[in-house]
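2 protein chains.
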Amino acid sequence: MDRNLRNASLLVVILALGWRASATSTVAAAASVAQAREYAAANKDAFSRQLLDLASIASISALPQHNKDILKAADWLQQHLTSIGLENVQVLETEGPQPVVYADWLHAPGKPTVLVYGHYDVQPVDPLDLWASPPFEPQLQQMDDQSYFVGRGVDDDKGGLLQALQGVESFLRTSHSLPLNVKFILEGQEEIGSPNLEAFLIKHKAGLLAGIDMAISADGGQVAADQPGIGTGLRGAVAFEVEVSTAGMDLHSGMKGGSVQNANHALVALLASLKDADNRITVPGFYDDVATMAAEDKESVATFPFDKSAEQQALGVLGFMGEAGFGPLEHRWYRPTLEVVGMWGGFTGAGMKTVIPRVANAKLSCRLVPNMSPDDIASKVKSHLERKGAELLANVTVTVSGFRSYPWTSPRDTPGNVLSAGVLEQAMGKKPVYYRDGGTIPALAYFQQVLGLNSTIFAFGVGDHIHAPNERLLEHLFHTGRKAWVEYLAVLGDKLVGLLPPDAPVHAGSGVGRDEL
Amino acid sequence: MDRNLRNASLLVVILALGWRASATSTVAAAASVAQAREYAAANKDAFSRQLLDLASIASISALPQHNKDILKAADWLQQHLTSIGLENVQVLETEGPQPVVYADWLHAPGKPTVLVYGHYDVQPVDPLDLWASPPFEPQLQQMDDQSYFVGRGVDDDKGGLLQALQGVESFLRTSHSLPLNVKFILEGQEEIGSPNLEAFLIKHKAGLLAGIDMAISADGGQVAADQPGIGTGLRGAVAFEVEVSTAGMDLHSGMKGGSVQNANHALVALLASLKDADNRITVPGFYDDVATMAAEDKESVATFPFDKSAEQQALGVLGFMGEAGFGPLEHRWYRPTLEVVGMWGGFTGAGMKTVIPRVANAKLSCRLVPNMSPDDIASKVKSHLERKGAELLANVTVTVSGFRSYPWTSPRDTPGNVLSAGVLEQAMGKKPVYYRDGGTIPALAYFQQVLGLNSTIFAFGVGDHIHAPNERLLEHLFHTGRKAWVEYLAVLGDKLVGLLPPDAPVHAGSGVGRDEL
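Residue numbers (this note's numbering), protein chains in the order written: chain A, 114 to 630; chain B, 114 to 630.
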């Protein structure tokens, strides 16, 4: 056989095998989806127990004393991922104390490969006294006439990542196959801004994380229990620790008071200097790179169901306020912020101590919108604070904290969004709206920047108490989410290939799942 | 014997007895002063041990967990006062958990009666990490090339009150008598503003505290180790606890950030609203009752030894600042203040938590000058903060704390001041200057208001680290103080009667010490 003929024959064989695989898989796929649907619907109690179990681990990434709980949660996931039939399960080190839990299933030749993202770390729980039940004793509770899982992490993001895993489990435990290839990355640093994720992605880009066609975030949520939504963007973030010192020692408020700077006063003046009367941030150049809203953005704001007075009541605020010239949704979705997350100075115990404090501290965090850069904003805020400090007879130290993330967008026509729309409408009985989310998921911008991947958010929490006491997840949405994942995996397996650009790994021949060809 | 004759005879007898008592007492007094001087000079180590002993008790009045230490200190004093020969020693209840320790010695007929005041409670000790040695393990230390007692309370006011007691001890342990009558009031609430002292004085005014001619405060201090001074006034005070709340729960800084009020921002705006660019307090009516400086006041400021750059270095400040139009001494002595003593809000732990806090707090304290009233200022500050809060979409609660005191003055020609001048010059080798002290001793205004008494401050701390870490007292000034008390008691016994007004108890026949007549 000459070389050309041999090559031509090989091609025919390959195409034939491909056709056969495709033909049989269409039939098999229909059967396996039906089985997965049945399994997902039938095992409610076992699925609930998974959430109660994982959410009882106090995996708070912000507090070093909980590092052992971080490892405990990673260990729980490692065992769980293995038990549901995922393969190549690994707890991978990062440069921080929080590892990434990786797993894959790559036996769907010719099918695209999706990266599923979630995080198993949670926010701190204080103020503890405002919780209706202990934050790490998750439980079903009736609240506002509905049944909720209540506990730290039940929504953000242990509930989210478990819904994805339960969708996968529903396939693997029944037909022992998935409609497409999947790789899971479950990280433990999201709540501290994923400081080591970028380096992790760079390290594994050519290895474990090669050949991926798109990413799905199981972190995120829905607009409301009866209103699905597709998130088209998230804000980035950058955060600072500020220390102000004004004297060599605390001074007597009587003997020296009135003649020297007070660290609390300097901090108040410094923080007050960050905004003007219109609530615009006064840091020079802060708004330089802020993108103006496109027509699609204005439509999202106009069509989004936002009941101002109902939300005012739900949040317990006396009204809405913010940068002049914009409404609440614009403030949250399209405008950057600078918030004083925490501050403390001087005597904070019971009673009174008559001192002029020498030192005061604040924690600031900015949310960033396209096309702001966290490093650029960090440098501008730092310069402003240091310059102002000198005017106030105060030594000001500004440290950029690990919480740093780029803003991220996902246009409406992103393939994952196009395919999730129908699934969401079917699952929740209503057409989804398109919206931005003012929050931050650092991973999604890194997937874009490092791995070149578009991402779609696919998650089912309402997020009404996340990062706060009484974090909760509607019981029925938790179960809806799992079933929707079954449908989404099936639809992606069926239709994603046709929507992906020609240079996507599945087309370019660089995709995974080639081991069975 | 007719009634008139009998009365006349009685008068002769009384006068004769009085003359004899007076004649013998002049001789006896000279001898007893010499003995007291010798005793005061000879027992340095024992006197030091008293200070190290008393200052090792953590009698912090501001912190309820130290109430047992308050009682321990009162008990120590009760035993000590008894052991040095004072009489009628009692631990008297107040309406608070801190009792007053009372003692007297009233066997000097025809002599005036002085009330000696001190306090055995101390300030809290935080920040603990800035102490060179544990605050309640008082010890002699070399600092800045000098020998100091270092520990909480060694200066303010355990050192002060012990110097007075050691002066008395030096007489009572040698000649078993004093040159005049004394009553001691040692209280345990000074550092929290003596909230129950006014009621205590009212209760005992006609009983234990009747017949007093003047008061001496063993709380206070000197201008510098080589510069005596006579304090002609103190500021009053009033303090507030402020709570700001903006929402029903902590909110997610990403999802809601930019569109709702943040309790920290509201508190910052509220506190920033308290002063204008000239550092004048903007609370309406705040300065209404402030007395203008008299010629004597201006002279005090002009003649007071104040080395600006040396003090800047000692305090570790980058410069002096304050209300426009006044210098540092005027700021401290003649102008009122409003200081943020403490503040806290949101997440203050390690790391970052992405919340918009719903609640923030501050502790404020004002220093008041004549003729301001704490109640009037409390009402003005409260109104201002509550009005401002409404503009900020914040619920603001303002509570007036127990720290409340009237300003106090003691004119240069007050008898106690006239007589202390010579004693101070002799003890410290320099003529005293007249000055105000920006601090507050609530008792002195109450002695004036309730008991009608002028007070003189007679104390020997320099006060350079009081209310702060490394509170210290120059060892040699501690010993100087005791010897000066011996002289002051002698001079008061000798000359005070001649300087007192005709209606003073000793003249009006309502004084104490009548039991030996």
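None of these hints come from the bench; they were simulated from the model.
It is possible that part of the hints are untrue.
A pair counts as met if it fits within one copy or between any two copies, since identical chains are not told apart.
Unchecked claim - In the DSBU-like style, the derived pairs of lysine-lysine whose C-alpha atoms are separated by at most 35 Å in a straight line are:
| # | residue 1 | residue 2 |
| --- | --- | --- |
| 1 | 388 | 495 |
| 2 | 501 | 388 |
| 3 | 493 | 388 |
| 4 | 411 | 181 |
Remember, it's a predicted structure, so these values are computed and weren't measured experimentally.
Now the hints, each set against the structure:
1. In this assembly of identical chains, the alpha carbons of residue 388 and residue 495 lie at most 35 Å apart whether taken from the same copy (15 Å) or from different copies (25 Å).
2. Proximity of residue 501 to residue 388 under the C-alpha cut-off of 35 Å is found in both arrangements, the shortest distances being 13 Å within a copy and 17 Å between copies.
3. With identical chains, the CA atoms of residue 493 and residue 388 are at most 35 Å apart both within one copy (14 Å) and between copies (27 Å).
4. In this assembly of identical chains, the alpha carbons of residue 411 and residue 181 never lie at most 35 Å apart, being 46 Å within a copy and 66 Å across copies at closest.
The earlier numbered hint that this structure contradicts is number 4, and it is the only one.
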